[in-house]
Amino acid sequence: MTSTEQTSGLGFVGQSVKRVEDDRLLRGEGKFIADVNPEGVLHAAFLRSPMAHATIRSIDVGEARRARGVRAVFTGQDIVDLTHPFPPFLMLGGMYTPLYWALSADKVRHQGDPVALVVAESRYLAEDALELIEVDYEPLQAVATIGQALQSDREQLWEKADGNVLFDAYHDYGDIDAVFADADRVVTERFSCQRQSNQPMETRGTTIEVDPETGHLTVRSATQSSHFLRWIIAALTEKESVMDSIKGVINQKERRAAFGAAVKEFVTKNKEELDKQDNTGMKDQMKTDRSTMLHMQRIGLGLLGADQYPTVVADDIGGGFGAKGSIAREDVALAAAAIELGKSVKWVEDRVENLTDGGMAREEDLTISLALDNDGTFRGLKVDVVMDQGAYPGFPVGAGFTTQIMKVMFPGTYRFEAFQQRSRIVCTNKGKYVAYRGPWANETWARERIIDVAARALNMSPTELRARNMMGEGDMDEAMITGPTLDVTMSTKKTFERAVEIMDPEAFEAERRAAADEGRYLGMGFCAYHEAAPGPRNYTDAINPGTGVLTAESARTVVEADGSIKVITSQMPHGQSHETTYAQVAATELGVGIDDIELVFGNTSRTPFSFLGTGGSRGGPMGGGAVRGSSREVREKVVDHAARMLEASAEDIEIVDGNIHVAGVPARGLTYADVARDVAGVSAADDAEAIEARCDYEGAGDGGWSCATHACIVEVDIDTGMVSIPRYVVVEDCGPIINPAIVDGQVRGGVAQGVGAVLYESSHYDEDANLQATTYMDYLIPTAMEIPHVEIHHMETLSPGRENDFRGVGEGGMIGAPAALTNAIEDALRPFNARVTDQYLPPTKILELAGVIAPD
Amino acid sequence: MTTVQPHETTGVAFTLNGEAFGADVEPRRTLSDVIREDAELTGTHLGCEHGVCGACTVLIDGQPARSCLMLAVQADGADVTTIEGLAAPDGSLHPVQQAMHDAHGFQCAFCSPGFMMSTIALLAENPSPTRDEIKEELSGNLCRCTGYETILNGVETAVRLMGADRGGAS
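Chains as they are written, first to last, in the working numbering: chain A, 1 to 856; chain B, 1 to 170.
Keep in mind the hints are simulated off the structure, nothing from the lab.
All figures in this text were calculated on a predicted structure; none of them were measured in a lab.
Some hints could be false.
Partial selection, computed: residues in chain A whose CB lies under 10 Å from chain B [claimed, not checked]: (1) G94; (2) K269; (3) R351; (4) Q746; (5) Q753.
Calculated cross-link-like contacts (lysine to any residue; reagent style SDA-like; alpha-carbon spacing at most 20 Å) [to be verified]: (6) B/K135 to A/S724; (7) A/K18 to B/E156; (8) A/K31 to B/E156; (9) B/K135 to A/E786; (10) A/K31 to B/D76; (11) B/K135 to A/V656; (12) B/K135 to B/E125; (13) A/K494 to A/H793; (14) A/K239 to A/K287; (15) B/K135 to A/K343; (16) B/K135 to A/T783; (17) A/K343 to A/R65; (18) A/K343 to A/G40; (19) A/K287 to A/R65; (20) A/K31 to B/E37; (21) A/K18 to B/S92; (22) A/K269 to A/T280.
One-sided excerpt, in silico: chain A residues whose CB lies under 7 Å from chain B [what the hints assert, rightly or not]: (23) V13; (24) G14; (25) Q15; (26) K18; (27) R27; (28) E202; (29) G749; (30) L780; (31) A784; (32) M785; (33) V852; (34) I853.
Note that CB positions come from ideal geometry on N, CA and C, so glycine has one too.
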């Protein structure tokens with residue numbers, strides 16, 4: 001065991017406590033999904049389409065079925081027969097969500113679309129058999145770009161949709177036309193962001209373990225969201241005939257009662273949120289695709305008639321960045337195969353599969369108009385966002401929800417009299433769009449870019465223009481124009497002023513001139529933003545009413561009869577160091593050491609329900625708040641019981657280093673084991689729950705904003721097109737910090753992905769929708785050579801009188817970096833009158849911008 | 001030259017973390033798969049299986065190698081070290097492991113075995129590298145979580161710990 005140096009139970013929060021999870025991970029004893037090998041497990045491999053868009057005329061798996069070591073081959077049609085389609089989720093009014101199955105049976109819609117599944121005795125043999133499958137494809141015209149998707153005469157991906165535009169809606173706040181007419185000028189630009197990929201170092205993977213006696217499924221998976229995966233696998237694989245399902249409903253009294261009770265509890269607890277929900281999206285979906293209703297009914301019947309649902313277990317996860325919050329189509333196919341065979345089946349995807357179908361993001365075109373007066377006062381903002389969701393909708397969070405977060409966050413920290421967003425979602429023959437670290441981040445990129453463009457038009461400095469329009473302490477609207485309430489935690493302006501002070505733009509001008517004399521091009525860029533982490537209560541209503549139901553967070557704290565303390569969370573750690581930070585929070589409450597706390601996560605038979613698991617910068621504020629709540633209540637119970645044992649008054653009890661005693665008399669103290677054993681009784685098993693409490697945490701109330709300003713200096717080499725980053729500064733404010741070293745790590749990691757986004761990473765498709773980056777030779781993940789030192793300055797704005805004031809910090813690094821970098825690059829290229837409109841600026845693009853080579 | 005049929009197995013023997021290891025393997029099987037599946041040492045991780053990410057790095061006769069690109073049969077007779085071979089027999093961490101803990105080196109830590117094996121190879125060649133040398137040597141290992149800074153700090157911490165072990169100036 002690596003020992004943590006800190007032993008005192010007081011004041012862990014705020015210290016860079018060393019990581020509890022390190023011991024197993026640094027020894028190579030972590031348990032990642034590829035390390036799970038149940039007895040007799042079979043291995044799966046998927047056959048994937050080489051075509052971007054094609055009809056499947058026929059598929060011949062005969063030879064593959066006969067191949068050495070092969071136990072089964074499932075075609076797309078086999079899986080369609082065994083499962084239900086993915087249902088629409090988080091629908092928006094007027095949006096069409098196509099129904100699709102785990103494997104494709106009649107049509108493929110992107111390179112990498114899975115069409116068959118081989119189950120064999122080893123991965124090698126499974127892959128051998130893939131080569132024996134013959135698929136006859138009839139190619140269809142591919143839709144490779146947003147521009148093509150917007151054309152009405154292009155081949156359609158989904159027959160029930162109206163063209164390839166799945167959603168088109170306007171949201172207006174204030175009188176946009178009047179404000180635009182009245183403003184002195186309007187600055188307009190169109191920005192484009194390339195397709196990127198989350199790329200955790202561990203790919204996706206799942207093992208479906210089948211209990212040979214009972215048939216019970218244990219789904220072991222690298223998932224950010226274990227409860228949601230459990231429900232989806234249960235829902236989509238219960239494929240009894242309708243009659244059998246009905247018989248099941250009638251016969252399974254216990255099951256039915258339990259299901260009914262769970263639904264009742266959920267509805268009661270979330271009544272307020274559910275009442276607010278707007279069902280237009282569902283109604284529109286039903287109108288466009290009547291089969292939705294039939295599938296939903298069958299899924300419902302299946303769930304009701306089922307004997308049992310799977311257990312999902314997630315252990316160590318090698319990163320996710322949002323991609324592992326999506327439910328993989330492959331997981332549903334694997335579960336169906338395992339049920340059919342009665343055997344455990346394992347699949348760990350390879351990197352080519354991950355780059356092709358493991359999740360992509362960020363591909364958006366944004367036309368943005370900023371109306372302002374000649375003195376620099378912002379008046380109105382109008383944006384037209386087109387998001388390329390690829391072929392299949394990300395599930396559960398995909399393009400639809402993301403456009404709506406973007407809509408809420410677009411105005412940022414600036415005051416506008418009116419705002420309008422047009423949101424369109426198109427489908428193309430590309431890998432699916434998923435949430436990626438700050439999924440809405442391109443609003444910050446486009447807004448902070450247009451501000452620089454406008455500053456140049458007004459011959460004003462970008463920092464001056466930002467300062468003039470930013471809301472700050474003493475001058476803050478009650479709410480953003482898009483709805484969410486603002487308060488003191490929206491401290492962007494403070495971070496901005498501090499960043500300007502640190503960067504000293506005036507001194508930089510001298511540096512720039514000196515460099516220019518040597519033929520070197522330096523530029524400086526800023527980006528300021530706030531993010532909901534988790535945001536005020538009305539934040540989710542502003543996105544889409546009633547979606548707050550997704551964000552509930554629970555924790556339990558348990559003292560077992562032998563005195564062991566377990567904290568049980570619905571969060572699903574995958575690199576964020578929850579085991580350390582939650583131990584800090586719980587140990588502080590309970591007066592014990594860090595090593596006295598064991599965090600339990602990822603196992604649906606033990607953890608409280610949560611839709612999201614880990615995602616949305618909720619781990620600190622929501623998960624931390626829940627852990628504090630349940631631990632505090634346990635402490636009260638322990639103190640009350642110890643007071644009786646010590647014949648003292650509860651007010652006089654204190655706990656230091658696990659010693660529960662009357663203040664001033666530590667020598668006559670009790671241990672947690674003494675108290676727990678007294679509660680549980682001598683005959684109780686050591687691991688019996690003696691004292692426990694659960695906290696269903698709803699957040700600290702208003703506020704909950706995380707804020708930051710990123711600023712950097714770049715040097716652009718116009719001979720090579722290379723960009724270096726001599727200085728990168730982040731001034732961030734996520735409120736009181738639980739563990740500074742861990743917060744710094746989150747900030748740096750986010751910035752690194754932002755550097756990758758601007759300079760290195762592109763999931764580029766050619767004109768026929770063939771993916772050009774299917775290995776790490778083409779999809780360039782930045783190395784230690786490319787990532788700059790990130791100078792981090794913390795501000796810790798407190799919300800007076802509010803506990804659990806922690807605010808999330810996982811996503812911000814990546815929200816700020818693209819704008820700061822692209823602004824700095826345009827600034828460096830000022831001598832060439834360059835206008836940066838792309839987020840992706842590889843060397844060739846830089847050389848084009850500098851006029852060294854002709855545009856492509 | 002012998003010809004081997006696709007599914008024939010062939011004997012391979014090498015030293016693995018100081019102990020003799022032998023198995024009958026298909027010649028096409030990678031060293032990483034044999035380490036993970038036959039020797040059941042799952043600390044060596046597979047990130048890309050095409051030799052770029054470095055997560056699978058092991059030491060072959062003290063030199064770093066991508067075990068995903070190497071066939072197990074190629075390791076015949078070699079001395080192979082994996083992450084599981086680093087801690088001392090009493091369980092205490094290797095200075096590089098300890099240093100990564102002290103420096104908050106990793107987050108998800110999926111890439112960590114490869115980084116630590118590369119670091120050990122680097123420090124064996126160059127016990128006191130500069131920051132730039134560390135960056136360059138570790139540029140064959142990818143990390144998606146940390147932005148590398150804490151890993152580089154970890155290597156510098158290891159340099160100090162190992163210098164102190166050798167009785168040198170820390």
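Hey, B/K135 versus A/T783, does the alpha-carbon distance stay inside 20 Å? Judged against 20 Å, a Cα distance of about 8 Å means the pair holds.
**Asked** Measuring from the C-beta of A/Q753 to each C-beta in chain B, is the shortest one below 10 Å?
**Response** Since the shortest Cβ distance to chain B is 7 Å, the answer is holds.
*Is the interface hint for A/M785 satisfied, with its Cβ closer than 7 Å to some Cβ of chain B?*
holds, 5 Å
**Q.** 20 Å limit on alpha-carbon distance, applied to hinted pair A/K31 and B/E156
**A.** violated, 28 Å
Would the pair A/K343 and A/G40 pass a check requiring their Cα atoms to be no farther apart than 20 Å? Given that 20 Å is the threshold and the Cα spacing comes to 8 Å, the pair holds.
Taking only the CA atoms, is the gap from A/K18 to B/S92 under or equal to 20 Å? This hinted pair holds, its Cα atoms lying about 17 Å apart.
Interface hint outcome for A/K18 [beta carbon to chain B under 7 Å] | Check passed: Cβ of A/K18 comes within 6 Å of chain B, closer than 7 Å.
Keeping to a limit of 20 Å between CA atoms, is the pair of B/K135 and A/S724 held or broken?
Holds. B/K135 to A/S724 sits at ~15 Å (cutoff 20 Å).
Open item on the list: Please verify whether A/K287 and A/R65 have alpha carbons no more than 20 Å apart.
Closed with: violated, 41 Å
- Message: Next pair to validate is A/K343 with A/R65; report whether the Cα-Cα distance is within 20 Å.
- Response: The hint holds at about 17 Å.
Practice problem: Quickly compare the C-alpha distance for B/K135 and A/E786 to 20 Å and report which way the hint goes. | Solution: holds, 9 Å
Check your understanding: Per the CB criterion, is A/R27 less than 7 Å away from chain B?
Key -> Cβ of A/R27 sits 6 Å from chain B, so the hint holds.
Checked against the numbered hints listed earlier, the structure breaks hints 1, 2, 8, 10, 11, 14, 15, 19, 22, 23, 24, 25, 30, 33, 34; every other hint is satisfied.
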